[in-house]
Amino acid sequence: AQSVTQLGSHVSVSEGALVLLRCNYSSSVPPYLFWYVQYPNQGLQLLLKYTSAATLVKGINGFEAEFKKSETSFHLTKPSAHMSDAAEYFCAVSSVSGNTGKLIFGQGTTLQVKP
Amino acid sequence: NAGVTQTPKFRVLKTGQSMTLLCAQDMNHEYMYWYRQDPGMGLRLIHYSVGEGTTAKGEVPDGYNVSRLKKQNFLLGLESAAPSQTSVYFCASSSAGPLGAEQYFGPGTRLTVT
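Chains as they are written, first to last, in my numbering: chain H, 1 to 115; chain D, 1 to 114.
Honestly, the hints are just simulated from the structure, not real lab data.
Owing to the predicted nature of the structure, the values given are computational and were not obtained by experimental measurement.
A hint or two may mislead.
Here are the simulated DSSO-like cross-link-like pairs (lysine-lysine), alpha carbons at most 30 Å apart as the crow flies [what the hints assert, rightly or not]: (1) H:Lys49 - D:Lys9; (2) D:Lys57 - D:Lys9; (3) H:Lys49 - D:Lys14; (4) H:Lys114 - H:Lys58; (5) D:Lys57 - H:Lys49; (6) H:Lys49 - H:Lys114; (7) H:Lys68 - H:Lys49; (8) H:Lys69 - H:Lys58; (9) D:Lys57 - D:Lys71.
Pulled out of the complex, with its shape left as it was, chain H reads as follows:
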């Protein structure tokens, strides 16, 4: 069965520091992977997605993620955190059970950015 594990429910960084949010997946077939961001009291919006075209994926707002098959990981990074990056981040994998477009989400990681 497919699953997603996000390591660390809360991550705190200083403004200007590196952001690293960890995501590991389990999938028996090559996965499609996503990172979504949720700002307070809003819905989720797509940051970036991996669909096998390139292992390093660039997204919006300076975020990027690298797909590492050997480590079954898809960690999200940003070189320099900004106060506006404070939000909850979700990693997700596309379900391969039938063509339904279903996503399986991780538990989420709350990013706190300190001034």
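Starting from the known structure of chain H, arrange chain D on it as the hints suggest.
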């Protein structure tokens, strides 16, 4: 182009009351989904639909029903609300294209059952 909209934004129910949440999308998407979000549990799929007139159960369907009479709308019903259904509910939609299509989310409905 409004994307995905949800009605209402907030609602308070008493135990045993019923209500319907409405989701509408204007992107001509085939697939639609209802999730609930609870602290520390991420998003859990309640029901989904792969086309007009079709519905299917997700991970946590008990206590909920859905209908997709029109392609652009997906309704979520609670027949007899329980405090355990206090949550934030999100609707999403996606195209029926190749695997890897992203889901587009609505702004959410915050439901409290007392």
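Going down the list of hints, with the structure as the test:
| no. | hint | result |
| --- | --- | --- |
| 1 | H:Lys49 - D:Lys9 | holds, 28 Å |
| 2 | D:Lys57 - D:Lys9 | holds, 24 Å |
| 3 | H:Lys49 - D:Lys14 | violated, 41 Å |
| 4 | H:Lys114 - H:Lys58 | holds, 24 Å |
| 5 | D:Lys57 - H:Lys49 | holds, 26 Å |
| 6 | H:Lys49 - H:Lys114 | holds, 27 Å |
| 7 | H:Lys68 - H:Lys49 | holds, 14 Å |
| 8 | H:Lys69 - H:Lys58 | holds, 18 Å |
| 9 | D:Lys57 - D:Lys71 | holds, 18 Å |
In the structure shown, a violation is registered for the earlier hint numbered 3 alone.
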